[in-house]
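Quick note, the sequences are listed as chains A and B, same order. Sequential numbering of the first sequence, starting at 1, is according to this note's numbering. Sequential numbering of the second sequence, starting at 1, is according to this note's numbering.
Watch out, some of these pointers could steer you wrong.
Said to hold, decoys possible - In silico lysine to any residue, SDA-like type, Cα no more than 25 Å apart, as pairs:
1. A/K267 with B/L213
2. B/K24 with A/H337
3. A/K267 with B/L39
4. B/K88 with A/S107
5. B/K38 with A/Y335
6. B/K88 with A/F106
7. B/K38 with A/D261
These aren't lab readings, by the way, just hints derived from the structure by calculation.
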Amino acid sequence: MSTNKTFSIVWTALLAIGLILGLFTAGRIVTGGLGIFNTDNTVFWGLPMAGYLFFGLTAAGLTLLSSLPTVFGQKHLYPVAKRAAILALATLLTGLMCKGLDLGPFSTLVNTLALVYSPNFTSPIWWMAILYMFYFAFVTFKFLAMHRGNWHDRGGVATAVGALMLSFFSYLSLSVVFGTVEARLGFMGFTMGIYFLVTALASGLAALLLASVAGAMLGRGATETEASIRSDLSKYLGVALGASLVVFLLRILRAYASDVDQMAGFKYMTGTLSFGVELWVGLCIPILLLLIPTVRTTLGGQFVVALMALVGMFAGRYEQLLSGNVQPMGVQAEYIHGFSQYSPSLSEWGVILLALSLTLTIYTLGVRYLRLEAMPD
Amino acid sequence: MTKWAMVIDQQKCVGCGACIIACKNENNLSEGVNWSYKLTETVGVFPHVRYHYTPTLCNHCENAPCVRGCPTRAMYKLDNGITMHDPKKCIGCRYCIANCPYGVIFYNWRRPNEQWENKDVLIPGCTSSPAEMVEKTGGSCSPYSNPERGTTLPESRPLGVVEKCTFCDHRVVRGLLPYCVEACPADARIFGDLDDPDSTVSKLLGKFKPRRLREHLGTEPHVFYIRSFNPGSYTQSKGEIS
Chain A
1 MSTNKTFSIV WTALLAIGLI LGLFTAGRIV TGGLGIFNTD NTVFWGLPMA GYLFFGLTAA
61 GLTLLSSLPT VFGQKHLYPV AKRAAILALA TLLTGLMCKG LDLGPFSTLV NTLALVYSPN
121 FTSPIWWMAI LYMFYFAFVT FKFLAMHRGN WHDRGGVATA VGALMLSFFS YLSLSVVFGT
181 VEARLGFMGF TMGIYFLVTA LASGLAALLL ASVAGAMLGR GATETEASIR SDLSKYLGVA
241 LGASLVVFLL RILRAYASDV DQMAGFKYMT GTLSFGVELW VGLCIPILLL LIPTVRTTLG
301 GQFVVALMAL VGMFAGRYEQ LLSGNVQPMG VQAEYIHGFS QYSPSLSEWG VILLALSLTL
361 TIYTLGVRYL RLEAMPD
Chain B
1 MTKWAMVIDQ QKCVGCGACI IACKNENNLS EGVNWSYKLT ETVGVFPHVR YHYTPTLCNH
61 CENAPCVRGC PTRAMYKLDN GITMHDPKKC IGCRYCIANC PYGVIFYNWR RPNEQWENKD
121 VLIPGCTSSP AEMVEKTGGS CSPYSNPERG TTLPESRPLG VVEKCTFCDH RVVRGLLPYC
181 VEACPADARI FGDLDDPDST VSKLLGKFKP RRLREHLGTE PHVFYIRSFN PGSYTQSKGE
241 IS
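This is chain A alone, in the form it adopts within the complex:
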């Protein structure tokens, strides 16, 4: 049996196990609600919500990357554009699934119809929900247009521009969701919006680089052109991580320059594992590694930095959420002394496992059946 075939069998089995365990968790949530989470009325948004932010913002970065050739004429990125498009579709779908599973049981999910018949235009969450629905539709249409080879006809360009604009506005609405929560300064107001922007680009670049490296390791996309693109993506990733580090430091400076009691949650989070992983694994070490030319040009080096950046970004989404709600608000302080000692339950990890398995399954199917290396004539 060839190595590739063995890998394929093991990979498929792993994805199947992930999907089965994840679907089991999803079933429990839909039938029994969120009682199987460790979240409570203090930490009301936990790991699944972090999954939504991670996958949703990664999708935003990937949408930008997949639009660069079609919308902005960056033709040297053609070989990875379709790959970025399907990754954007997969991560957006799973991000929205994380948010859906974070809402609760089936009876609550039915109530989402109220978004249509009882809209509240002053609510950032309403705008976010509506924009993400359209965004998802446009990302799907865009991929279909690429797959049919209609990259540059009127429909292809329209869907590409539409998906790009909607990714910006969806990202904007997500920033407003956190930016306008004046009661919780730990969310960092609109500074979070800037952080979302730079980290969305960084995680999108890391995801695309990782997928490209994996493809090259398995013998797909091992051409010189693709090697050149991976080298470029590594450089872009270095710049994006550098920008992320600047905003990351801005958050720290803002928190420690403030005497406001509400910053205590963020300050508490600076001593936690997720903060350390975000800073060192996600930002500092990859930036330092990317300064080495060999790392930027070799598959091993690119694989390591991309994986580290993604792990760090995920830890970062978790840290950003908890910074805003780990400190009990108002009368909730009567139930919890100090800070909430929240750690995700197995079921919460199950949601993330489902999201990851589904993303990788969609991408794997794309690699096998959808000619992701295709380019316009």
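Here the structure of chain A is known, so what remains is to put chain B in place on it, guided by the hints.
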């Protein structure tokens, strides 16, 4: 136009918790859900130390951030100033909890009052199971459930939605005071119409300098605090330098 408000006289509140219990009974609240509660602060350094109680509930803010942020208008204002919640429109996003500066909105993580669904008996042939007790007493969600709560909201709010204090809107429409006000043995909670200059709340707000929680956020709470509980006295002096 009537604008309901509450004044809490902290000189009269002794932190007994009667309001908390009364609220739980009136509104069929399950374990861990307290629409009415109290903040307990320890003031001073031992041995010169005392407790300071601040009763809490939904502040029914004029500029309610929970109402502004709710995507489906499940959280909404009545003309009389009460902030209400419609469980049939709630999508469980918990953005109201994020926006509420007072921590008084609760999400139903588990089925409310689920302990009363238990069919196991403690002593077979002798005691009733919790579910049998509910059946025998004719309660809906617990043996002591209050059916009057069901006139404006479900008697017990469903799994997967948020819930909070409604100023006992079901009692107020019938000309009754909120039950926490009724149950307070010290009359520390005073309820009335903010727009009526002759109401007790208006008179108290004119007589004492009221405080509101986290006022700087501009939420314009309709719960006011006056005076401070302190039964102590001290010997008059100008202090000392040493």
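Evaluated hints:
Note on A/K267 and B/L213: the hinted pairing holds, with a Cα-Cα distance of about 24 Å set against a maximum of 25 Å. Among the hinted pairs, B/K24 with A/H337 is consistent with the structure: their alpha-carbon atoms are about 23 Å apart, no more than 25 Å. With a C-alpha separation of about 24 Å, the suggested pairing of A/K267 with B/L39 holds against the 25 Å cut-off. With a C-alpha separation of about 9 Å, the suggested pairing of B/K88 with A/S107 holds against the 25 Å cut-off.
Among the hinted pairs, B/K38 with A/Y335 is consistent with the structure: their alpha-carbon atoms are about 11 Å apart, no more than 25 Å. A threshold of 25 Å between alpha carbons decides the hint, and for B/K88 with A/F106 the separation of about 13 Å falls inside it, so the pair holds. Distance check on the hinted pair: B/K38 and A/D261 sit about 20 Å apart at the alpha-carbon level, within 25 Å; holds.
Hint compliance for this structure: every hint is met.
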